[in-house]
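If you're matching them up, the sequences are chains Z and H in order.
In terms of my numbering, the first sequence opens at residue 1 and continues consecutively.
In terms of my numbering, the second sequence opens at residue 216 and continues consecutively.
Some clues are possibly wrong.
Claimed, not checked - Derived EDC-like pairs: lysine to aspartate or glutamate, alpha-carbon spacing no greater than 20 Å straight-line:
no. : chain 1 : residue 1 : chain 2 : residue 2
1   : Z       : K165      : Z       : D192
2   : H       : K403      : H       : D343
3   : Z       : K208      : Z       : E24
4   : Z       : K165      : H       : E226
5   : Z       : K166      : Z       : D122
6   : Z       : K162      : H       : E249
7   : H       : K370      : H       : D247
8   : Z       : K133      : Z       : D169
9   : Z       : K208      : Z       : D122
10  : H       : K370      : Z       : E73
11  : H       : K370      : Z       : E130
12  : Z       : K136      : Z       : E73
13  : Z       : K166      : H       : E226
14  : Z       : K3        : Z       : D192
15  : Z       : K165      : H       : D343
16  : Z       : K166      : H       : D343
17  : Z       : K196      : Z       : D169
18  : Z       : K166      : Z       : D192
19  : Z       : K165      : Z       : D127
20  : Z       : K129      : Z       : E171
21  : Z       : K162      : Z       : D192
To be verified - With the Cβ distance kept under 8 Å, some of the chain Z side facing chain H (calculated, not the full set):
no. : residue
22  : I56
23  : Q66
24  : N85
25  : K196
Said to hold, decoys possible - Taking CB as the label site, the calculated pair distances span:
no. : chain 1 : residue 1 : chain 2 : residue 2 : range
26  : H       : V233      : Z       : G44       : 32 to 38 Å
27  : H       : I385      : Z       : Q91       : 19 to 25 Å
28  : H       : I335      : Z       : A176      : 51 to 57 Å
Derived by calculation from the structure, the hints in this document are not laboratory data.
Quick reminder that beta carbons are idealized off the backbone N, C-alpha and C, glycines included.
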Amino acid sequence: MNKESLRLINAFFYSFVVSFSPIETLFVLPIVIVLLHEKEFVWGIFKKLIVLNFFIIVLVVFVLFQDPLQAMELFMRTNLILLFNIALFYQSQGYDIARGLDRLGFAPKIVSVTYFAISLIDALMRDFKETQKSLKARGFRANTSLFSYQTYGNIFGMICIKAIKKSHDRELTMQARGFEDRIFFLTSNQLDSFEKILFLSIVAVLGKVIYELLG
Amino acid sequence: MHISDGVLTFEATIVVSVVALLGLIKALKELDNEAISLTSVASALFFVASFIHIPFGVAQIHLILLGVIGILLGWSSFVAIFVALLLQALLLGYGGVVSIGVNLFIMATPSVMVYYLYRIHYVQRLNDRLKYFLVGFSGTFFAVLFLSLILYFSKEEYGYASYTLFLVNIVTMVVEGIVSMFLLLFLKKVYPTLLKE
């Protein structure tokens with residue numbers, strides 16, 4: 001078990017417990033622990049949470065007309081999970097997720113696709129931003145027209161081909177190094193006290209939920 | 216298009232996730248080493264598409280490109296979309312780690328359906344523009360249909376939300392169809408070997 005894999009386990013268990021059990025005050029405990037650990041980024045984390053709430057609000061509003069209590073619970077539940085996961089992975093670059101999946105015993109092909117996809121996402125985003133800049137310089141303004149949609153289609157096509165070429169080059173390099181379907185990671189972070197305390201807090205939450213269910 | 220954690224019931228989540236898991240296992244068995252790079256590209260493209268907003272009137276639409284991914288990858292779409300959904304859930308907060316199976320079913324099943332529909336002899340004989348429009352349109356159509364049905368059958372309270380989601384997303388289906396059409400026409404012109412027709 002390494003730091004990254006325990007982080008994934010924490011995310012899954014917390015989301016699972018909060019998704020399927022009655023709301024408890026104790027659900028806030030793991031969030032407080034994560035937010036204390038990420039205290040420098042609290043503003044950014046809440047900003048992200050507010051943006052993501054636009055998607056949830058639509059569903060909550062519909063439920064609100066039929067069952068206000070359910071709507072409130074839905075809002076609380078989804079926000080608790082979102083806040084926990086956003087805070088937990090706020091500083092993640094993605095590669096730690098690939099390492100975590102590898103340590104958890106996920107299929108090597110999934111780990112490889114995750115690793116390659118993360119490296120390609122950076123390249124695709126860079127390519128898209130550059131293309132956007134050059135379109136702006138040529139006076140292109142996106143609007144509701146066939147021309148705009150054609151431009152977007154062509155941009156997607158272009159970045160797709162660039163990504164395929166990059167990915168193919170990478171594949172050849174990997175094959176030259178003897179890659180079959182598995183990536184071996186050299187670095188692995190040891191468990192630290194934060195991950196352990198967080199895990200214990202989630203176990204406490206789970207214990208409370210089970211106790212309530214049985215009691 | 217993503218269902219967040221905490222929205223669906225336990226039963227709905229488990230049943231749909233098991234079906235998605237079967238699809239993922241089949242996809243992993245069929246995925247060979249040569250296809251890993253194209254699968255990674257599709258995964259990255261799906262992830263990046265969620266950042267790119269296409270204007271429609273005063274609103275903005277983001278693409279999901281399920282049809283395009285489907286005809287490029289077939290069953291491997293399950294792997295590409297699983298990875299992208301996992302990264303979206305953890306890095307962006309879209310969807311969630313518990314509902315990932317449900318979201319995988321909603322998005323990957325349409326991709327595979329489009330893959331098979333695209334191979335029908337009659338569809339192959341259609342005009343390129345119409346054929347590629349249908350690829351984009353039907354990918355989103357099936358995804359929205361599955362999303363609405365899952366919401367509808369999960370909880371009684373989601374009834375109105377599921378109808379409205381379907382109706383609102385008709386526009387998304389059309390825009391997705393048009394952009395996918397131009398994307399595939401571009402690929403056919405520049406990289407014809409990519410589209411196995």
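If you check each hint against the structure, which ones fail? 1, 4, 7, 8, 9, 11, 12, 13, 15, 16, 17, 18, 20, 21, 25, 27, 28
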